[in-house]
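A.B. asks: Below, each chain spelled out in residue letters.
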Amino acid sequence: MIEPVPLTILFSTSGPYAALGREALDGALMALAEVNSSDRHHFTLVPEICDPAGQTESYAPLLDRSLRRSGARHAVGGITSWSRKEMIPTIERHQALLWYGCPYEGFEANDRVVYLGACPNQHIVPLLAYALPRHGARGGLVGSNYIWGWETNRIGRELLADHGGQAAVERYLPLGDTDVQRLIDEIAAKRPDFILNTLIGPSSYAFFAAYARLAAADPAFAPARRPVLSCNLTECELPEIGPAAFGHLSTAPYFDSLPGADNAAFRQRIAARFGPERKGSAFFLGAWLGVHLLAEAMREAGTDDPDAVLRVVTSRRFPTPLGPLAIDHRTNHAILRPHLARVAEGGRFEIIESAARPIPPDPYLAEYAAQAPAAATPRGQRSNLRVVR
Amino acid sequence: MTRPFRTPNFRGWRALVLHKPGPVTEALLRQFGRLGMQGQVAWPDIPAGSAAEVLFFDADLGHDGQFPWPPGGAPMPLIALIGSEAPGRVEWALTHCPQAHLLKPLGSAGVYSALVIASHAHAAQSRLEQAVASLRSRLSRRPAVLQAVLELMRREGIETSEAAYARLRRLAMASQRSIEDTADDLLRPDGRRRA
Numbered sequence: 001m002i003e004p005v006p007l008t009i010l011f012s013t014s015g016p017y018a019a020l021g022r023e024a025l026d027g028a029l030m031a032l033a034e035v036n037s038s039d040r041h042h043f044t045l046v047p048e049i050c051d052p053a054g055q056t057e058s059y060a061p062l063l064d065r066s067l068r069r070s071g072a073r074h075a076v077g078g079i080t081s082w083s084r085k086e087m088i089p090t091i092e093r094h095q096a097l098l099w100y101g102c103p104y105e106g107f108e109a110n111d112r113v114v115y116l117g118a119c120p121n122q123h124i125v126p127l128l129a130y131a132l133p134r135h136g137a138r139g140g141l142v143g144s145n146y147i148w149g150w151e152t153n154r155i156g157r158e159l160l161a162d163h164g165g166q167a168a169v170e171r172y173l174p175l176g177d178t179d180v181q182r183l184i185d186e187i188a189a190k191r192p193d194f195i196l197n198t199l200i201g202p203s204s205y206a207f208f209a210a211y212a213r214l215a216a217a218d219p220a221f222a223p224a225r226r227p228v229l230s231c232n233l234t235e236c237e238l239p240e241i242g243p244a245a246f247g248h249l250s251t252a253p254y255f256d257s258l259p260g261a262d263n264a265a266f267r268q269r270i271a272a273r274f275g276p277e278r279k280g281s282a283f284f285l286g287a288w289l290g291v292h293l294l295a296e297a298m299r300e301a302g303t304d305d306p307d308a309v310l311r312v313v314t315s316r317r318f319p320t321p322l323g324p325l326a327i328d329h330r331t332n333h334a335i336l337r338p339h340l341a342r343v344a345e346g347g348r349f350e351i352i353e354s355a356a357r358p359i360p361p362d363p364y365l366a367e368y369a370a371q372a373p374a375a376a377t378p379r380g381q382r383s384n385l386r387v388v389r
Numbered sequence: 001m002t003r004p005f006r007t008p009n010f011r012g013w014r015a016l017v018l019h020k021p022g023p024v025t026e027a028l029l030r031q032f033g034r035l036g037m038q039g040q041v042a043w044p045d046i047p048a049g050s051a052a053e054v055l056f057f058d059a060d061l062g063h064d065g066q067f068p069w070p071p072g073g074a075p076m077p078l079i080a081l082i083g084s085e086a087p088g089r090v091e092w093a094l095t096h097c098p099q100a101h102l103l104k105p106l107g108s109a110g111v112y113s114a115l116v117i118a119s120h121a122h123a124a125q126s127r128l129e130q131a132v133a134s135l136r137s138r139l140s141r142r143p144a145v146l147q148a149v150l151e152l153m154r155r156e157g158i159e160t161s162e163a164a165y166a167r168l169r170r171l172a173m174a175s176q177r178s179i180e181d182t183a184d185d186l187l188r189p190d191g192r193r194r195a
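Chains as they are written, first to last, in my numbering: chain C, 1 to 389; chain G, 1 to 195.
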């Protein structure tokens, strides 16, 4: 007998970052269709799809209503860290599990969340390790005015300092704001060695367009000299940005252009469902992974009980378009291999460097400080204190 | 130049948890693992030879006899684990001067910020205590400074106490010692510096 299992899917497919939400929803629904059409599974996933429209305060009530009404014990969703932090108390109250598929700023490891996107030691640390020696350590930091921008740029600032540099510019725009001229003027005046971009959605598109105009007027801002580096720029936004993105860099655990048979098969399935022009992206894959890993773990556990599912999902590797993927049992974060790519003409990513192997998640950057140069890791607070002689 | 802000890091820290083993200690140990820390649970007594950079203690069932120091005398940051908010228990916990607290039951978060706040407060408190001790010592040595001023007026024929004090200050600055140490030297029968 095929048992129906409810699943809440919650992405903002309208509002200020709708393009990312639609991309993630597509990924989740493709995985759902694959699960439901496969005879590997003794259940069929019945989705309830919610659209909080990018309104932070709508996430928790929508999630709560959906979990109550459908009895779902799993939710796949959330793009921004704001939305994730809004949903966590509801997830905890229901003893449910949230499958979150986006890159985020770290300093969190919730027992009720499976983190499938990259955390800082898997995105900004390798990204700047590549860029600092090549472009210089006087960076310009621009971001959307919320926790992702603040925290990612704060880590960026520390990495700059570790390389003897500093932030030449640091500016934040409200979510959805496209008025980037003051920011561009400041960059033109201060001439940072590169730009670390943690803007999201339309703010990011407007910034790329204005930066391209700056580069056209002053070749010192050409991408090869002063690139824009992003940890969240993916295929789904390249058509919006157009040629203004060419030559700039992004890091992600997944790019549509990744080589290998696993990804080739994945791309074929995307083309079959959405047409030959459609590309995969880290946002698409993150949501796809959420549904896919949930189904695989449920199949093995024989139940949708979140604790049983979590035990399975953190105990072995799963075949995915990224190759065999494991979830670290200490942190519930995916062990991911970061890739660095350049936007090539035609709007695709050209991979220029990949980590030698998947990198275990370190959401609190405990290992990073341990590996940093001695001068960069003050341990002054630590002392050898004996409690009882 | 201002030192750039560093992300607080607790890798290698040893945390001692003075709490009955159970969900609370399990949640703590899980969070320690993610922060690169080592945790040791002890109840009701702290075993001999224990060492730690931070101590978490149970505010609900704890008592003075469990600590190897008098209330308020802990040599490391303390974090109180509070379940019951009964005023008597909170008051007892306060006598040990914890720099931060966590409410039970513990969720997946809280330990990191409690560590940041407690270690910051402990360091600030230690600096303050050192400053107060130094001021206290200088205060207790005021009679010697007064005597040295009088001695300088007598020995060098200085007419006013202000001028004699200024002379004493210059002597101290020239020898890069405190006014109190310089006064002690002046008052020694042979007038020589203390070794």
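Calculated directly from the structure, the hints in this document are not laboratory data.
Take the hints with a grain of salt, since some may be wrong.
What the hints assert, rightly or not - Which bits of chain G does chain C cover? Going by a derived footprint, with three or more residues having C-beta under 8 Å, they are:
| # | segment |
| --- | --- |
| 1 | 8-19 |
| 2 | 30-43 |
| 3 | 107-119 |
To be verified - Computed list of chain C residues with no C-beta within reach of chain G, every gap over 10 Å:
| # | residue |
| --- | --- |
| 4 | His41 |
| 5 | Pro47 |
| 6 | Glu108 |
| 7 | Ala109 |
| 8 | Asp111 |
| 9 | Arg112 |
| 10 | Leu132 |
| 11 | Arg154 |
| 12 | Glu158 |
| 13 | Tyr172 |
| 14 | Asp179 |
| 15 | Arg330 |
| 16 | Thr331 |
| 17 | Arg342 |
| 18 | Ser354 |
| 19 | Tyr364 |
These numbers come from a predicted model, not from an experiment.
Virtual Cβ for every residue (Gly too), placed ideally from N, Cα, C.
A.B. asks: Decide, hint by hint, whether the structure agrees.
C.D. replies: Verification of the supplied hints:
1. Only residues whose beta carbon comes within less than 8 Å of a beta carbon in chain C count, and the segment 8-19 of chain G has 6; three or more means the coverage holds.
2. Restraint check on the segment 30-43 of chain G versus chain C: 6 residues with Cβ-Cβ distances below 8 Å, three needed, restraint holds.
3. A stretch counts as covered by a chain when three or more of its residues have a beta carbon under 8 Å from one of that chain; for the segment 107-119 of chain G and chain C the count is 5, and the coverage holds.
4. The claim that His41 (chain C) lies off the interface holds: its Cβ sits roughly 29 Å from the closest Cβ of chain G, which is beyond the 10 Å cut-off.
5. With a minimum CB-CB distance of about 26 Å to chain G, Pro47 (chain C) clears the 10 Å threshold, and the non-interface call stands.
6. Distance to chain G contradicts Glu108 (chain C) as a non-interface residue, since its nearest Cβ pair spans about 7 Å, not more than 10 Å.
7. At roughly 5 Å from the closest C-beta of chain G, the C-beta of Ala109 (chain C) falls inside 10 Å, breaking its exclusion from the interface.
8. A beta-carbon of chain G is positioned within 10 Å of the beta-carbon of Asp111 (chain C); the least distance is around 5 Å.
9. With a minimum CB-CB distance of about 7 Å to chain G, Arg112 (chain C) fails to clear the 10 Å threshold, and the non-interface call is violated.
10. Look at Leu132 (chain C): its CB is around 15 Å from the nearest CB on chain G, clear of 10 Å, so calling it non-interface holds up.
11. Interface exclusion of Arg154 (chain C) from chain G breaks down, the closest Cβ pair being 8 Å apart, not more than 10 Å.
12. Look at Glu158 (chain C): its CB is around 6 Å from the nearest CB on chain G, not clear of 10 Å, so calling it non-interface is violated.
13. Annotated as non-interface, Tyr172 (chain C) keeps its C-beta farther than 10 Å from every C-beta of chain G; the closest such distance is 17 Å.
14. At roughly 29 Å, the least C-beta separation between Asp179 (chain C) and chain G is larger than 10 Å, which holds for a residue marked as non-interface.
15. For Arg330 (chain C), the requirement that its beta carbon stay farther than 10 Å from each beta carbon of chain G is not met, with the minimum near 5 Å.
16. The claim that Thr331 (chain C) is not at the interface with chain G is violated, since a C-beta of that chain comes within 10 Å of its own (minimum 5 Å).
17. With a closest Cβ-Cβ approach of about 29 Å to chain G, Arg342 (chain C) is found to remain outside the 10 Å limit, as its non-interface label requires.
18. Remark: the non-interface label on Ser354 (chain C) is consistent with the geometry, its nearest Cβ contact in chain G lying 26 Å away (cut-off 10 Å).
19. Tyr364 (chain C), annotated as away from the interface, has a beta carbon of chain G within 10 Å; the closest lies near 5 Å.
Against the hints set out earlier in the document, violations occur for numbers 6, 7, 8, 9, 11, 12, 15, 16, 19.
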